[in-house]
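Undergrad: If you want the building blocks of each chain, they are given just below.
There are 4 protein chains.
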Amino acid sequence: MDKQVNKVVLAYSGGLDTSVILKWLIETYHCEVVAFSADIGQGEELDHLDEKAKHTGATSVYIDDLREEFVKDYVFPAFRANAIYEGQYLLGTSLARPLIAKRQMEIAAMEGADAVSHGATGKGNDQVRFELTYKALAPHLKVIAPWRTWDIRSREQAIEYAKAHGIPLRDISKANIYSRDWNIWHMSHEGGELENTWNRPNEEMYLLTNSPQEAPDEEVEVVIDFEHGIPIAVNGTRMDPLPLLNELNRVGAEHGVGRTDLVETRLVGMKSRGVYETPGGTILFRALRELEMITLDFDTLAMKNTMALKYADIVYAGKWFTHFRESMDAYMATAAKYMTGSVRLVLYKGNVMIVGRSSEYSLYLEDLASFGESAYDHQDATGFINLYGLATGVQAMVHNRDRSAKGPAREMRAMAGFSEK
Amino acid sequence: MDKQVNKVVLAYSGGLDTSVILKWLIETYHCEVVAFSADIGQGEELDHLDEKAKHTGATSVYIDDLREEFVKDYVFPAFRANAIYEGQYLLGTSLARPLIAKRQMEIAAMEGADAVSHGATGKGNDQVRFELTYKALAPHLKVIAPWRTWDIRSREQAIEYAKAHGIPLRDISKANIYSRDWNIWHMSHEGGELENTWNRPNEEMYLLTNSPQEAPDEEVEVVIDFEHGIPIAVNGTRMDPLPLLNELNRVGAEHGVGRTDLVETRLVGMKSRGVYETPGGTILFRALRELEMITLDFDTLAMKNTMALKYADIVYAGKWFTHFRESMDAYMATAAKYMTGSVRLVLYKGNVMIVGRSSEYSLYLEDLASFGESAYDHQDATGFINLYGLATGVQAMVHNRDRSAKGPAREMRAMAGFSEK
Amino acid sequence: MDKQVNKVVLAYSGGLDTSVILKWLIETYHCEVVAFSADIGQGEELDHLDEKAKHTGATSVYIDDLREEFVKDYVFPAFRANAIYEGQYLLGTSLARPLIAKRQMEIAAMEGADAVSHGATGKGNDQVRFELTYKALAPHLKVIAPWRTWDIRSREQAIEYAKAHGIPLRDISKANIYSRDWNIWHMSHEGGELENTWNRPNEEMYLLTNSPQEAPDEEVEVVIDFEHGIPIAVNGTRMDPLPLLNELNRVGAEHGVGRTDLVETRLVGMKSRGVYETPGGTILFRALRELEMITLDFDTLAMKNTMALKYADIVYAGKWFTHFRESMDAYMATAAKYMTGSVRLVLYKGNVMIVGRSSEYSLYLEDLASFGESAYDHQDATGFINLYGLATGVQAMVHNRDRSAKGPAREMRAMAGFSEK
Amino acid sequence: MDKQVNKVVLAYSGGLDTSVILKWLIETYHCEVVAFSADIGQGEELDHLDEKAKHTGATSVYIDDLREEFVKDYVFPAFRANAIYEGQYLLGTSLARPLIAKRQMEIAAMEGADAVSHGATGKGNDQVRFELTYKALAPHLKVIAPWRTWDIRSREQAIEYAKAHGIPLRDISKANIYSRDWNIWHMSHEGGELENTWNRPNEEMYLLTNSPQEAPDEEVEVVIDFEHGIPIAVNGTRMDPLPLLNELNRVGAEHGVGRTDLVETRLVGMKSRGVYETPGGTILFRALRELEMITLDFDTLAMKNTMALKYADIVYAGKWFTHFRESMDAYMATAAKYMTGSVRLVLYKGNVMIVGRSSEYSLYLEDLASFGESAYDHQDATGFINLYGLATGVQAMVHNRDRSAKGPAREMRAMAGFSEK
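Chains as they are written, first to last, in my numbering: chain L, 12 to 432; chain F, 12 to 432; chain A, 12 to 432; chain D, 12 to 432.
Looking at chain L on its own, in the form it has when it is part of the complex (with noise of 0.2 Å):
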């Protein structure tokens, strides 16, 4: 281990592990730490972090409050690309990660640090999304990342250490059953009973939304305006985007939307279990979809659609700064070029029910559609049947030429008492 470090910044929460990791830090490396918090709308106490990271030993600290920048230029662009790593999680995690490090190492270069350092354990995704930001943004620092590498393996080792480094512990050492990471976009939940994966979540466990059973029982109506696939009204009412994710978080949880439990692949190539609550975002997303299926034409959604796995797939891999998601993000943009218009969407106990959606750009013309006289001409139809199923007739014949084939189309000619050639 090279110990020619003078200052870290370390990316810190209060929380048992980092706290430990900020004594450890200046035990291992006699440096200075810098203790960086960022406000992301985790809705915790960050009032006294302050104090708390200094009486630990930190020389400084930062806390900032990044929750516009985070929903605005992360998380709003990821949705308007319909980002869902593996069909289910909404990576509310996974965009946090980018902006964190991000500013960790903006914080470096003011402050002149040479190393940073992060408390995510050697299983998980973050550690990985840290570690590529770093390496984008500003790979000339050296990275500490402790649970690899010292000699602390649980987290009654952790306590242990706390205690005897006359670490402030107040409720942080209270048995935490569950693993959480909690923003103003989604709380997720691992651990405990979940480690089964066949075990329902206990409902203590959810901290953000009412269960559907506990929903009110009378639905509300919501009606969400977008511009060029990003929501900017609520109900009629234009709004900033950080306000505007709080409201859609409000009506969502009271009534029960964006619970969703799964299996995922992580990274590190392992499965695991984890349980998101999601509620604007849940709303946003079943919005969305519905604004694309009236103003993108079949082309250029079937490309999001193919595009938007992968665009998944990268920002779960903490890939955000990349030349690929900037390549990505200026088709998304272009896409959405003409993606504005209003959805309209009923809420209840738990369901997201779309009931309307209209567009100046809606491709849907009602009356091309409808079953009543119009423009579109019948008789065009035979034609682009007999075109479109050319190659379909083509390669029948073609392939029933093969004796040995078996099949309808064999025994239908053979019923029909062809004669093969």
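Don't read these hints as lab results, they were simulated from the structure. Incorrect hints may have been included.
Identical copies carry no separate label here, and so any pair may be met within one copy or between two of them.
[Stated by the list, open to error] Pairs of lysine-lysine, DSBU-like flavour, derived with a Cα cap of 30 Å:
| # | residue 1 | residue 2 |
| --- | --- | --- |
| 1 | Lys83 | Lys348 |
| 2 | Lys153 | Lys174 |
| 3 | Lys348 | Lys174 |
| 4 | Lys321 | Lys174 |
| 5 | Lys65 | Lys321 |
Given the coordinates of chain L, work out where chains F, A and D should sit on it, guided by the hints.
TA: Chains F, A and D in isolation, oriented as in the chain L frame:
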């Protein structure tokens, strides 16, 4: 119009359109007409169809129960492929058409008919699905699509024609607000107030499912067992495909599950709005997704997801009887080799909540993913991240040679006092 | 047939077909005809076209040099996207049609015409390309496609019509074995002996390029410089798009480069056989591929390769003026941000041999890849492989629980004396 | 380092590296070493390997001829899948590694060995391919990768070690400019002047093929027959896989065919430059592409092309023994069902020129594609284009509602005097 037609097999439902067509074929071609009705679970009176068809002039009548074949050979393979058109439509109508058309071809062969006819309009998808199947299986038969060729332009004119020709109308002349299609997999609704995409569907439109509001206040838990991606048991009771789907339809419908309101892109280029009720199908798709998550590796799943988009497209397009669909099914069948296991879910007022999953082939290993001690070596992560992130680091370095570039990396290097080459 | 046409703009080449069409339009619609010819580098006499068109009855004649616009705004963007249809066809004709049709629309607007016409047949791709552009840019104009509507069924009948109507035939009546299309990007050949896919093309068919056999016995080295994926210099001499392509065509044709003999899938469902000569284009595509390899990361390149397939499909299909193509170009332009550098290649008797490439943004770092000492830590590879291969190992273990499974893993475990659970 | 190793099976070539490793394993682990060499067509002396290995200390020696298995079970299936890494590399080395590693596992089982070892370095792809195969087939075996763990850092130090330990060096100590890999499918070259990507390879580097310049002045015609995508005959002579490939290698090498100079993206994140000689493989790939063009419909081919990219990626990555590769092969085998026929090509001084192709399943029908009279109804094209272009027209109309939009459509409408709403 070539008048040389001796015997036509008509896909006949007993409704207004195909009743008029039956008569019109006789009048126009002076030919025999064989009426054929498939029971694919539409749950309507088929009892008097025989009599009715004969009364309208049919030479002979076939009423065939294809329900088991439909579920086993069409619905379940497409389901295993995770085929969902444009992310939402479970392909209920699309899957039925090739089967109906195939049986029609078989009857044509048995009856020595030289033509087939269907009642699909010139603006919809079904004409394409019928006729592509005809081309694939019996390209020698003449195809008659009256809605594209006759002079009848509206429902009113069709009723007039029926009255003028003594076709028994019974209740079919009464106003149908909606255009519907029903089989054991789903019921679809188009037309009426749906033609304005902003309108919320009237509750009276729904015929299969309770609304979430009407559904019982008590949740119900359902466990579904799968073998190679095909459902084989519900709540521990092994069932054949048809009763299994019936059972899931029953419980799903009761609990308000499976309503979807969407706008889709039709084959003939226009957008159309449809509402679908697919209670059992919706439950099955949610369950399958979960089973995939624990039994498929990332790559196999990612390709399956990509292929599923294409699979849905071609089923929607009526290209069931193609070499391409067979080739994709070969992938799907092999990919499903280990998709054996159980999924536990809860139905409650419209929600399908996943609460557990298990498989003898589960790739989720509790001790690998848990946060305690295990065989997993945390140190490996350092090497992994270094190489996994190598390209990102190299790119960052190389791209920053661009003096005109803006962005965090450059600013950071500037802040850190790096002089640019 | 709606006879209400006052003025038609005809895409006119002066050949047999469009000469007959010019006259036929006048006879059939009693309308004015504006003849329009685009110079897109077909290298044929355009000198007497004006006179010829007027003699045949044209009210006015436009002969526009679109070569620069063609190369700059159509060919090079598609080239940057690596658009190759079905892996082989460089889209020479496909790219020209939208430009010609767009100019035709502009002339229609200037002339106040109410219809447009083209000479493409009813079996080919070009009719689709012309008419999709018309629909995209001026859907209000009437489209007249004589080959699909008139009674002339063959070349012989067309010549008869020409003679009967006093159309000056000069040399256009003499037998044309091949159907050809020529512009600055390529020349295509269809028909004649090519219609039997087993036949080797006659050497006389080729008009642009030397055969490899005829090409000089001395190789030549060519260096091409690119900026953001667009070629800007040859052998160190900066050139505008048009002269640059001319120069590469010259040297490529001399050295026997760019002949392709293929079977392709037409839009209207049939296969057709074509032979293409694309000397400069072939050189450029080989060079671009190399430049991509040193300047693009794996992910950006993989997505670009995937998108290139789709880009080629829609250009082939005449969907140039679409939101989808614009969206893909947004990706392509951003992906090409660092595609700046030089490629060194050797031309010799039909071969394009890559022999060198360099870029200020090259991701190839000599000291990283070399086999000597470097900063790369070999130990990292152990961790990388352990995690990169973790899923493979887990799967192998889990899948071997399948008692019925066969395969090397199972046999190996058996040989190794492992008892199966 | 865990010293508990009793018997190691070493993938042994008799070269400097594996000779040193053999001795080093014995010295380090005090274990038995079984030396294993596979004959995969590298065409080098395997005669004295036995003696040499024993002299260096091997307990026993296996020299197995795997050439037929290699071609039949590895090369040809990957070929049928059209697997080409990053568009250029035919995967010669990538395909050999899993076979060698599998045989190594079998020997380990037979010999009761508890470890395996290979001589791949810590910067290359081969270590990953060897070890992923180990993980897939025998995860219980210990893996020893000396280049990542020992103190030897360079070729010079390895020679020193050899001399110090009395390892017979013969000619292996003499300077090797290039790092090479050779088997029946290809020979690769890295290092030397290639490390500067701008340098043209020296002609002396090439060992398998004539240069185009040296190749005969007379062309030669070759006809290859395929059955289900696998080559079965050359010039009408039916051959087994191994002699067939040998014959194509012979004629290809003579005519200067199959040299490729490229930069590729390694698994461990860096770019590397390599030159490949793949004479027979290059001929086969060109021929297969042509066969696909006449026997596969557009959709099956498009999916095959998409999947081929992924197939190549995972073969390159050493993931041969995976459920994913098996699943893709299921698609490939079914897609190849009708890929039976003949391709006619001409070899001349480095060129592989396709000149003809035929198949009993050819989808090219001469009378459909020809320009004379036929059953194809030109009128159908009108209906086809109207519906095929419907979405384009609707979009154009809708998007032009955008008052701020610029572009040809808007300008055109303006020119035409349309007033905008």
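Undergrad: Decide, hint by hint, whether the structure agrees.
TA: Consistency of the hints with the structure:
In this assembly of identical chains, lysine 83 and lysine 348 lie within 30 Å of each other by CA distance both inside one copy and across copies; the values are 17 Å within and 25 Å between. For a Cα distance limit of 30 Å, the shortest separation of lysine 153 from lysine 174 inside one copy, 28 Å, qualifies, whereas the shortest one across copies, 40 Å, does not. Neither within a single protomer nor between protomers do lysine 348 and lysine 174 lie at most 30 Å apart by alpha-carbon distance, with minima of 57 Å and 52 Å respectively. Taking the shortest Cα distances, lysine 321 and lysine 174 never come within 30 Å of each other, neither inside one copy (45 Å) nor across copies (52 Å).
In this assembly of identical chains, the alpha carbons of lysine 65 and lysine 321 never lie at most 30 Å apart, being 42 Å within a copy and 52 Å across copies at closest.
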